[in-house]
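Generate the whole structure from the sequences, applying the supplied hints.
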Amino acid sequence: MQLVNTPKIKDKYLLIRIKESWKVHFGGSIEKHTTDIRFREGVLSLVINSAPLKHELSLGKDKIIRILNEALGQEYIKEVHIY
132 MQLVNTPKIK DKYLLIRIKE SWKVHFGGSI EKHTTDIRFR EGVLSLVINS APLKHELSLG
192 KDKIIRILNE ALGQEYIKEV HIY
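Under the working numbering, the residue at position 42 of the sequence shown is numbered 173, and the numbers go up by one with no gaps.
Because the hints were derived from the structure by calculation, they are not lab data.
Note that this is a predicted model, so its numbers are computed, not measured.
Yeah, the Cβ is synthetic: ideal placement off N, Cα and C, and Gly gets one too.
Among these hints, one or two may not hold up.
Unchecked claim - Each pair of labels, with its calculated beta carbon distance range:
1. 137 - 206: 13 to 21 Å
2. 186 - 143: 27 to 35 Å
3. 204 - 182: 30 to 38 Å
4. 182 - 140: 14 to 22 Å
5. 166 - 140: 30 to 38 Å
6. 137 - 178: 23 to 31 Å
7. 185 - 137: 17 to 25 Å
8. 182 - 159: 12 to 20 Å
Laid out in structure tokens, this is it:
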């Protein structure tokens, strides 16, 4: 488990877990409109190709952080940027 604690590898590992959790908790039409998910140093970046959905998700950033951090079991996500 020591290897996973290096910053680059840890972020990549967490990204895989975040993508899996995104499918489970925000699946369906939201997943269909999500074109990219990135995670680095506590910042989750989402690329959404639907303007109304982008706006709706922007209003619920705190909820996104809470749901995904609960799924990860720790508060890894500090910010969400939606593009």
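Structure-based check of each hint:
1. The hinted range of 13 to 21 Å is satisfied by residue 137 and residue 206, whose Cβ atoms lie roughly 20 Å apart.
2. In this structure the hint that residue 186 and residue 143 lie 27 to 35 Å apart at CB holds, the actual value being about 30 Å.
3. At roughly 33 Å, the beta carbons of residue 204 and residue 182 sit within the given window of 30 to 38 Å.
4. Between residue 182 and residue 140 the CB atoms are about 35 Å apart, so this pair departs from the stated range of 14 to 22 Å.
5. Checked against the hint of 30 to 38 Å, the C-beta distance between residue 166 and residue 140 comes to roughly 25 Å, which is inconsistent with it.
6. Between residue 137 and residue 178 the beta carbons are some 26 Å apart, a value that agrees with the proposed interval 23 to 31 Å.
7. Judged by the Cβ atoms, the range 17 to 25 Å given for residue 185 and residue 137 is violated: they are separated by roughly 33 Å.
8. Remark: the range hint 12 to 20 Å for residue 182 to residue 159 is upheld by a beta-carbon distance near 18 Å.
Violated hints, in rising order: 4, 5 and 7; the structure is consistent with all others.
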